Amino acid sequence: MSEGLKLEWRPGAPVETLQARARILSRIRGFFSERGMLEVETPLLCGTTTSELHIESFSIQDRNSGAGGFLQTSPESCMKRLLAAGSGPIYQICKAFRVGEVGRLHNPEFSMLEWYRPDLGYQGLMDEVGDLLYLILKLRSQRRISYGEAFRRYAGIDPFRISLASLCRMAHENGLSGGKEADREQCLGFLLSLQVQPALGAGLTFIYDFPASQAAMARMRPGVPAVAERFEAYVDGVELANGYGELTDPLEQEARLCADLERRAAIGIAPVPMDKKLLAALRAGLPPCAGVALGLDRLIMLATGSASLASVLSFSSTQA
Amino acid sequence: MARYSTNEFKSGLKLMIDGDPCAIIENEFVKPGKGQAFCRVKLRNLKNGRVMERTYKSGESMEAADVVDLDLQYLYADGEECHFMDTNSYEQYAASEAAVGDTRKWIKEEDMCIVTLWNGAPLAVAAPNFVELEVTDTDPGLRGDTASGATKPATVETGAVIRVPLFVEIGERLKIDTRTGEYVSRVKD
Numbered sequence: 001m002s003e004g005l006k007l008e009w010r011p012g013a014p015v016e017t018l019q020a021r022a023r024i025l026s027r028i029r030g031f032f033s034e035r036g037m038l039e040v041e042t043p044l045l046c047g048t049t050t051s052e053l054h055i056e057s058f059s060i061q062d063r064n065s066g067a068g069g070f071l072q073t074s075p076e077s078c079m080k081r082l083l084a085a086g087s088g089p090i091y092q093i094c095k096a097f098r099v100g101e102v103g104r105l106h107n108p109e110f111s112m113l114e115w116y117r118p119d120l121g122y123q124g125l126m127d128e129v130g131d132l133l134y135l136i137l138k139l140r141s142q143r144r145i146s147y148g149e150a151f152r153r154y155a156g157i158d159p160f161r162i163s164l165a166s167l168c169r170m171a172h173e174n175g176l177s178g179g180k181e182a183d184r185e186q187c188l189g190f191l192l193s194l195q196v197q198p199a200l201g202a203g204l205t206f207i208y209d210f211p212a213s214q215a216a217m218a219r220m221r222p223g224v225p226a227v228a229e230r231f232e233a234y235v236d237g238v239e240l241a242n243g244y245g246e247l248t249d250p251l252e253q254e255a256r257l258c259a260d261l262e263r264r265a266a267i268g269i270a271p272v273p274m275d276k277k278l279l280a281a282l283r284a285g286l287p288p289c290a291g292v293a294l295g296l297d298r299l300i301m302l303a304t305g306s307a308s309l310a311s312v313l314s315f316s317s318t319q320a
Numbered sequence: 001m002a003r004y005s006t007n008e009f010k011s012g013l014k015l016m017i018d019g020d021p022c023a024i025i026e027n028e029f030v031k032p033g034k035g036q037a038f039c040r041v042k043l044r045n046l047k048n049g050r051v052m053e054r055t056y057k058s059g060e061s062m063e064a065a066d067v068v069d070l071d072l073q074y075l076y077a078d079g080e081e082c083h084f085m086d087t088n089s090y091e092q093y094a095a096s097e098a099a100v101g102d103t104r105k106w107i108k109e110e111d112m113c114i115v116t117l118w119n120g121a122p123l124a125v126a127a128p129n130f131v132e133l134e135v136t137d138t139d140p141g142l143r144g145d146t147a148s149g150a151t152k153p154a155t156v157e158t159g160a161v162i163r164v165p166l167f168v169e170i171g172e173r174l175k176i177d178t179r180t181g182e183y184v185s186r187v188k189d
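Quick note, the sequences are listed as chains A and B, same order. Quick note on numbering: my numbering labels position 129 of the first sequence as 129, and the sequence is numbered without any gaps. Quick note on numbering: my numbering labels position 84 of the second sequence as 84, and the sequence is numbered without any gaps.
Just so you know, these hints were derived from the structure itself, not from any lab. Predicted model, so just to flag it, every value in this text is computed and none were measured. A hint or two may mislead.
Claimed, not checked - Result set (DSS-like, lysine-lysine): computed pairs, CA atoms no more than 30 Å apart in a straight line:
#	chain 1	residue 1	chain 2	residue 2
1	A	K180	B	K188
2	B	K34	A	K277
3	B	K34	B	K47
4	A	K95	B	K10
5	B	K175	A	K180
6	B	K175	A	K6
7	A	K180	B	K47
8	B	K34	A	K138
Working from the sequences, and respecting the hints, build out all of it.
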């Protein structure tokens, strides 16, 4: 037998799934078009990229000229520059790339649906996410639970007040290797993924108001404790979307980017350039807005009752 | 000893966990939104067979366990230990009673077994999935009763006692599934 016959060349998704995929994409475009939102496209290849500590960008370079850049992990920065330039409400369906994320619910190249609403707060945006999920998944009901309440109910702790020592002990007892020496974010991330998330059960659940340390690009709301206007949407325990009441203050944004870059240097991961164009756009004035990114492949997986991303992608990273 | 990073984890990989050799059964990549990635791993402790779950921070590395599976021929038992031989190199290995465990009741001399070595010494012995053994003792057979589903105990040549259909007689050879300890069929010569 020749090698060509043995190589697995067939797609990972059945044709029926690819047809369902196309129908879902068309309904999503219909949903946003009816709401008067503008579909946009922004570059996948940019000179800067996210400074998030736990998201790694592919860096590419031409072997002859040295020209290159970063493949985008999300279109967030460019879409905010469009908003600052007066685009009004916008949405985008695009590819995003993240190094090393491979698993049942991860593929290093994936499809993302991201949209921004200058006229909505983050609670209003949750309503819209619910409307979209009703359209695609026919989910009739939804729950909203704050981050603090979710931890109190499903992990039995107050994530804002618990001491680091107690948190580490709990992570260790629940099977986190090196849990005794873990930091606060590692323990909370571990408990969210392995205790809270599986306990959320079937249907749509929003978790909102995250700790300041996990604000990412969300604006803070003062209070005791101060919380970040950030939410995540889970369907049947699968993390599907992440949204913010967007940070619009250029000084605060610059301070966060600097802190990220310093932390990257401190733990020895590759530096990324400062996103100066985003900061310039914020200085010019990003209108108050809320934005959300939704994992399209995961949505299609849930809509078609498929078991993994690989079974809704024409070719997953191992087949591509 | 080599170390394996979480991005090399896959089922079958052997790691040292809390001083014991373990094999990965399942490996799941878990990543909370913006947070650190984890590998959630289901492991079997190769010394005692117990299954446990552990979660590793992505990028963490674990010491590899020097564990290999060899096809070895069972030679003989000398009371304390069972002796096995590599039929290619003629190298012999002595396995303790604890390592052989229940497998002992299914194997007879010259059978090929999968012997798991840890640091060069037998850690566990697995019988072939199916063995053929002769019945040395059972109540007289009920000829013709092939359908009632009733069973009776029978002792086979290795000393193991299994449930067999009523028609089975002394001197017959039986095919047995060692994973369940159940009778499969009679073996016609």
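Each hint tested on the structure:
For the hint pairing K180/A with K188/B, the CA-to-CA distance comes to about 61 Å; that exceeds 30 Å, so the pair is violated. A C-alpha spacing of about 23 Å is found between K34/B and K277/A, which places the hinted pair at or below 30 Å, so the restraint holds. Only pairs whose Cα atoms come within 30 Å are accepted, and K34/B paired with K47/B is rejected, the gap being roughly 38 Å. With a CA separation close to 27 Å, the supplied pair K95/A and K10/B stays within the 30 Å bound.
Distance check on the hinted pair: K175/B and K180/A sit about 52 Å apart at the alpha-carbon level, beyond 30 Å; violated. This hinted pair does not check out: K175/B and K6/A have alpha carbons roughly 36 Å apart, beyond 30 Å. Simply put, K180/A and K47/B have alpha-carbon atoms about 26 Å apart, close enough for the 30 Å limit, and the pair holds. Between K34/B and K138/A the alpha-carbon distance is near 28 Å, which keeps this suggested pair within the 30 Å criterion.
Violation of the numbered hints given earlier is confined to hints 1, 3, 5, 6; the remaining hints are satisfied by the structure.
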